[in-house]
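Colleague: Chains as they are written, first to last, in the working numbering: chain A, 106 to 464; chain B, 108 to 707.
Mixed in with the good hints, there may be bad ones.
What the hints assert, rightly or not - With a straight-line Cα cutoff of 20 Å, these simulated SDA-like cross-link-like pairs (lysine to any residue) come out:
| no. | chain 1 | residue 1 | chain 2 | residue 2 |
| --- | --- | --- | --- | --- |
| 1 | B | Lys657 | A | Ala206 |
| 2 | A | Lys158 | B | Asn567 |
| 3 | A | Lys158 | B | Ile486 |
| 4 | B | Lys156 | A | Asp308 |
| 5 | B | Lys156 | A | Lys158 |
| 6 | B | Lys346 | B | Trp359 |
Hints are computed from structural coordinates only; laboratory data are not their basis.
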Amino acid sequence: MNKKAIVFLLVFAMVIVACGDTTEEAAVEATEEEHDHEGESTLEQVQERGFLKCGVSTGATGFTEVGDDGSYSGFDVDYCYAVAAAVFGDYSKVEFKQLTAAERFTALSAGEIDVLIRNTTWTQSRDTELGNDFGPTTYFDGQQLMGRVSDGLSSSSTLADIDGLRVCTNAGTTTEKNITEGAGLVGATIELVTVEAFSEAIDKFIAGECDIVTTDGSGLVGRRAVNDALNDWAIFPQSPISKEPLGPTYRSNDSQWADIINWVVYATIIADEYGVTRANIDSFDYDAAPEMGRLFGKNDGELQTKMGLSADAYYNVVKQIGNYDEIFSRNLNPLGLYREGGANARWTEGGLVYAPPAR
Amino acid sequence: MVDLIKKNAKSLQESLFSSVGSAVLTVATTYLVINFFRGMLGFALTSDKDWLAVLNNMQLYMVQAYPEEDFIRVWLSVGLTFVLAGLSIGIWRSDDRVKSSQVFNSFFKGGLGVLFFTIIAPTNASFMGNDGSVITEEVFSMDTRLGILIPVAVFCVIFFSIRFTNIKFTVNSSDMVFFYLFIPVALLWFVKLPTIQLDQNNERIIPDPVMPIADTTKIPWTVIFVSFLLSYFIGMYLKNIKSIKSIMSLSWFLLPLLIFSWIFKKPQIDMSVVLGSDLPIFGVFLLWGFLVITFVNNSIFKKYYSTYLGVTFLLTLVGVFSGLPMLAKTCLLLIALFSVVVPAVSTSSQGKRSLLIVWAVALVTLTFLLRGGASDTGIVVPGSSIFGGFSLTWLLAIFGTYVSFPLGVLLALGRNSKLPIIRIVCTGIIELTRSVPYITWLFFASVTLAVFLPAGVEFNLIVRVLMVTAFFSGAYFAENIRGGLQSIPKGQYEAADAIGMSPFQKISLIIMPQALRAVIPTLVSSAITAFKDSSLVTIIGLFDFLTIGKTVIGNQSIPVNFVGHDRENLIFVAIVYWIFTFTLSRRSMKVEKKLGLGER
Numbered sequence: 106m107n108k109k110a111i112v113f114l115l116v117f118a119m120v121i122v123a124c125g126d127t128t129e130e131a132a133v134e135a136t137e138e139e140h141d142h143e144g145e146s147t148l149e150q151v152q153e154r155g156f157l158k159c160g161v162s163t164g165a166t167g168f169t170e171v172g173d174d175g176s177y178s179g180f181d182v183d184y185c186y187a188v189a190a191a192v193f194g195d196y197s198k199v200e201f202k203q204l205t206a207a208e209r210f211t212a213l214s215a216g217e218i219d220v221l222i223r224n225t226t227w228t229q230s231r232d233t234e235l236g237n238d239f240g241p242t243t244y245f246d247g248q249q250l251m252g253r254v255s256d257g258l259s260s261s262s263t264l265a266d267i268d269g270l271r272v273c274t275n276a277g278t279t280t281e282k283n284i285t286e287g288a289g290l291v292g293a294t295i296e297l298v299t300v301e302a303f304s305e306a307i308d309k310f311i312a313g314e315c316d317i318v319t320t321d322g323s324g325l326v327g328r329r330a331v332n333d334a335l336n337d338w339a340i341f342p343q344s345p346i347s348k349e350p351l352g353p354t355y356r357s358n359d360s361q362w363a364d365i366i367n368w369v370v371y372a373t374i375i376a377d378e379y380g381v382t383r384a385n386i387d388s389f390d391y392d393a394a395p396e397m398g399r400l401f402g403k404n405d406g407e408l409q410t411k412m413g414l415s416a417d418a419y420y421n422v423v424k425q426i427g428n429y430d431e432i433f434s435r436n437l438n439p440l441g442l443y444r445e446g447g448a449n450a451r452w453t454e455g456g457l458v459y460a461p462p463a464r
Numbered sequence: 108m109v110d111l112i113k114k115n116a117k118s119l120q121e122s123l124f125s126s127v128g129s130a131v132l133t134v135a136t137t138y139l140v141i142n143f144f145r146g147m148l149g150f151a152l153t154s155d156k157d158w159l160a161v162l163n164n165m166q167l168y169m170v171q172a173y174p175e176e177d178f179i180r181v182w183l184s185v186g187l188t189f190v191l192a193g194l195s196i197g198i199w200r201s202d203d204r205v206k207s208s209q210v211f212n213s214f215f216k217g218g219l220g221v222l223f224f225t226i227i228a229p230t231n232a233s234f235m236g237n238d239g240s241v242i243t244e245e246v247f248s249m250d251t252r253l254g255i256l257i258p259v260a261v262f263c264v265i266f267f268s269i270r271f272t273n274i275k276f277t278v279n280s281s282d283m284v285f286f287y288l289f290i291p292v293a294l295l296w297f298v299k300l301p302t303i304q305l306d307q308n309n310e311r312i313i314p315d316p317v318m319p320i321a322d323t324t325k326i327p328w329t330v331i332f333v334s335f336l337l338s339y340f341i342g343m344y345l346k347n348i349k350s351i352k353s354i355m356s357l358s359w360f361l362l363p364l365l366i367f368s369w370i371f372k373k374p375q376i377d378m379s380v381v382l383g384s385d386l387p388i389f390g391v392f393l394l395w396g397f398l399v400i401t402f403v404n405n406s407i408f409k410k411y412y413s414t415y416l417g418v419t420f421l422l423t424l425v426g427v428f429s430g431l432p433m434l435a436k437t438c439l440l441l442i443a444l445f446s447v448v449v450p451a452v453s454t455s456s457q458g459k460r461s462l463l464i465v466w467a468v469a470l471v472t473l474t475f476l477l478r479g480g481a482s483d484t485g486i487v488v489p490g491s492s493i494f495g496g497f498s499l500t501w502l503l504a505i506f507g508t509y510v511s512f513p514l515g516v517l518l519a520l521g522r523n524s525k526l527p528i529i530r531i532v533c534t535g536i537i538e539l540t541r542s543v544p545y546i547t548w549l550f551f552a553s554v555t556l557a558v559f560l561p562a563g564v565e566f567n568l569i570v571r572v573l574m575v576t577a578f579f580s581g582a583y584f585a586e587n588i589r590g591g592l593q594s595i596p597k598g599q600y601e602a603a604d605a606i607g608m609s610p611f612q613k614i615s616l617i618i619m620p621q622a623l624r625a626v627i628p629t630l631v632s633s634a635i636t637a638f639k640d641s642s643l644v645t646i647i648g649l650f651d652f653l654t655i656g657k658t659v660i661g662n663q664s665i666p667v668n669f670v671g672h673d674r675e676n677l678i679f680v681a682i683v684y685w686i687f688t689f690t691l692s693r694r695s696m697k698v699e700k701k702l703g704l705g706e707r
């Protein structure tokens, strides 16, 4: 009897260990966090912590991908790396937090992440109501439709051509609203088939359960590159039916942190304008391009130090991650997404990718 | 033999074709089942499936981003579990002998299964091409079919005829485990699988070259199998040591804690904390326990025992809510509970000695585990958690059950308590947690909990999830256990009172063992539910086993290109879940049988 009491006691003790095991860990973290939040700017918090917490998608082909060894890659991921390179001079000092669409803004405002780079569309309500601010757009996306050439559709088709067709899209998103509105405006009657996720919509499209599938252009092109061996899929209309500017998001009222994020994006764009790449960054003639010299801190680097960064912060960004064109083509060209002729081309070539001067 | 066929035919007729209605049902169901399996096989075999999407991502499935240079820690965790399993099988080695005819019978049945699937497998299968047209291709040629059918049929005939020979050879049923495990481990060395290889342009070579399994997979498994076998023999050797069985039960209890706090975590120990805080606390409480054990039955001390108990409980209460180190808080709680039990046990000098040993061992273990659990991890991963994939699923399942089971016992007892406050609080907790869906609790953990906590206090997401999981499944456990408590006749309580047992003894020695035994099936189904429900954490952005298959792999584009191959992964995930839950329910059936549940 006594022995059993002892065993029971011991078991109970171990249960406490099980609880304690996790709670102390949390308690330690709690004191750290408490320390963090006392009126410090985001930059100070990040620098003190020693790594950046970056919110990314749970999975978006080309934008956020997880490789078979658990490593991260993609267009959005590269911008997370770029911010870390600017702040620490070492791109690898990032902790990724994969967020669902529902929880991304809460995570940002609760301070669980420092910056959200998760193919998030910049809209007026999100900008004003949620306590967020949006950085410069890194990717100009827009909703498009995809149908079959064999159904008489082509890349020059318009919304009016989908009259009487079945359209697949994911439920409860702005995508659904856009297509209903757009079709209503041109007087086309469509049969809307809504599914939970885009991959299901594509499956239904392949299975012939719908004639048209619609989502952001980047998603459509990505799937066409993978699945359309017969070149039977056409994406239209030429100019998307909605504007989806995607870019970094951060908490409002911290303009120092906002400036840093903004200028990370601008630095990659300016480097692209001058043709400075990872390969030629050390052999580049900075005397011939004083703007590049200023941006990379080749002379005094005052512009960067005033922001709270080291003089060579943006040099590190381009050296370690590359310029805008490199980031774009590395991640998105294999999916069949190209800059030429679209909104993501350089402003000198008819696109919208533009950066204010570094001066 | 003719008699046997006659007998079988008769029972077949009775059970399947007893009337016109049942005959129709039998035919219709058989048709449906066969077509279902045909469809499944056809689906798996068509050329548009890329099963490498599963094979190539095994590492991601198991540990997500756990760094490769620390894989030894993962293997060590798996290996330790197997060693402990081997020891246990050796110690609890059953005396059941399996007759060779039974073994051959099971081979025969397995062979019949293979024959069934080979026969019904569709020769042609169709899949939807990307242009929406149906593509039909030959997936299972007659040559392959015959190549499988003939040898398997020959084996089946051999196994079937062996049943009728007079071989009286028997095998120990525990030994069979090793035989069955030996087959896959041996296969690792011979099987060659298609592997993803990249050419110099970093593009995937198609078709994928067939290569032997990597050494980094087969060598660890072989080592683990050998140590499994060795520990089995050691277990048999240790079988007769007196307290070995309770040591083993305790080891099983401690193993997950050790794995998660030291092995998997790679804690970075700050020696100044160990010397400055852990050791003094350890010393103080060891001394305290020693003093209590020595003097508790002293006549002077006995007078003030209730005062001492009250002060200790008060201290504990104050201590738990103060800023003391966690180790001190836990030790305070422990000494308070310990003080309750001590007077009954430390009556003889032998009792005192064993109590002291128990106290010292418990303190050492506690200090050791807490230090590991509380220290920073040395594992650097790109994501926010070192747990991902299957390791996260296991963490949630094991710790969910660990914390929620005792909580459930306490809540069930509290709900049956005569004290109104305790009863109302426990009923409130149970009803509150049970009447809200688990997903809502998960959202609460991820989004809302931070708002309720004091400013600046922020728990790790996994800890928050564990907290709500503990309460949620704890409430379900509590209701199950309450059902068991109600099945105990009143006479049992009265009998315990009559022989002068304390309430603690009554509950722990008379009531609980009977109540828990009565609800084993529901407890196991609760545990299985908890294991499966852990996949719901996907909605708050945690990457468990299912999420890896469903969301992550379907997005891998360059260079492997698994975009759109999520169905293969979902099937794989379903099979793995099935294997684990099925094993669990089979084991619980065996336990029930052993305890004679439903027969007594």
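Colleague: Among all the numbered hints in the text so far, which are the ones the structure does not match?
Modeller: As far as the earlier hints go, only 5 is violated by this structure.
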